[in-house]
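Could you put the whole structure together from the sequences, leaning on the hints where they help?
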Amino acid sequence: MSKEAEIGKKIFENVGGMENVSRIAHCMTRVRLGIRDQDEVNLEGLKKIPGVLGVVEDETLQIIVGPGVVNKVAAAMAEDAGVKIGETINENLDDVKKTGKELVEEKAAATKANMKAKQNNTSGFKRLLKSISNIFVPLIPGFVGAGLIAGIAAILTNNIVAGNLDAGVWTQYVDILTVINKGIFAFLSIYVGINTANEFGGTPVLGGGIAGVTMLTGLAEGHVITNIFTGDPVLAGQGGIIGVLFAVWLMCVLEKSLRKVIPNAIDIIVTPTIVLLVIGLITIFVIMPIAGLISEGLVSAINWTIEVGGVFAGFVLGTLFLPMVMLGLHQVLTPIHVEMIAQTGATLLLPILAMAGGGQVGASIALWIRCRKNKPLVNMIKGGLPVGF
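Residue numbers (UniProt numbering): 1 to 389.
No lab work stands behind these hints, which were simulated from the structure alone. Fair warning: this is a prediction, and the values are worked out from it, not measured in the lab. Watch out, some of these pointers could steer you wrong.
[As the list claims (entries may be wrong)] DSSO-like cross-link-like pairs, simulated, lysine-lysine; straight-line CA separation at most 27 Å:
no. : residue 1 : residue 2
1   : K182      : K10
2   : K3        : K182
3   : K256      : K182
4   : K3        : K260
5   : K256      : K3
See the structure below:
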């Protein structure tokens, strides 16, 4: 058992056990615990634990263990409880009172065993799809809102050009809508970087920082960074979302490795510095040029297929899409859509694939009209209608 895990175990013993803790979190120096019954807490015992620097009573019980140590202690405690940091250990307080420590320990053991079994039984490809989903699904509300605002701005612009609206009055409103819209899409790489770091166990702000590197915002006007493969200048955003995903994943691997070997006393200073410097250099000189070739080739291939294949290509893509959704394979297309939007301002692929859902709705309505007396079939049809909305 590691030193940090031992500290976590002794903290549990002095706060009334796992059953008396509702939530585990941490800041830069303190493990923050939600306590169910304050009378069960042994403050003097907590202060005497080797490695504990102090205890603060507030809305949460705060055990000071210092920078570098705190994340490891909190992680060990969360693992023992079978929950993620920030999650509620047990939401049913009545059950806790009835069975106490045994219930919580059984739940923790069952949760850990279940997670391990799922990991062993899940293929690498399925884990990849799940990770992609976890990264991009939280961004969908932003895509929807910003996309609709961009659509409104486009309608107003078209009416201004057509002379239906006074340019002197409405141009400013279009500019305002564009500013709001760009608040999402201009910094999309950073949002993806933060979510990617969360997904792969890294520090979110470092993930956002590495993603920000791809924007080359600190490069002085007129200065260039040379592509070591071609001799051409490295361009801001080169490699797009694909480059960000790989760079931040690599960052997480390096960060977790460093935290295992760097002493706790200097971990908070040394680890992020090394991570940003090393991965930043790799991102600029290796990942951005290579990912740029991949993303440009991918987008060009899709656009070429749509242009050359025409209706037939749309038919094939639409036919394949719903089976992909059934198998969960459609998640792999999300980075492609995002990359197409980043490069061309729109994704032609998504509306073509969406026609598959439209076709499903049309077929469902036709069957509903013709077979309304077939109750089992009607119930099945109801499941096919929501995809159109």
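Each hint tested on the structure:
Between K182 and K10, the direct Cα distance comes to roughly 50 Å. Violation of the 27 Å bound is thereby established for this hinted pair. Between K3 and K182 the CA atoms are separated by roughly 48 Å; this puts the pair beyond 27 Å, and the hint is violated. Restraint check: the Cα-Cα separation between K256 and K182 comes to about 34 Å, which exceeds 27 Å; the hinted pair is violated. Only pairs whose Cα atoms come within 27 Å are accepted, and K3 paired with K260 is accepted, the gap being roughly 13 Å.
For a cut-off of 27 Å, the pair hint linking K256 to K3 stands: about 18 Å separates their Cα positions.
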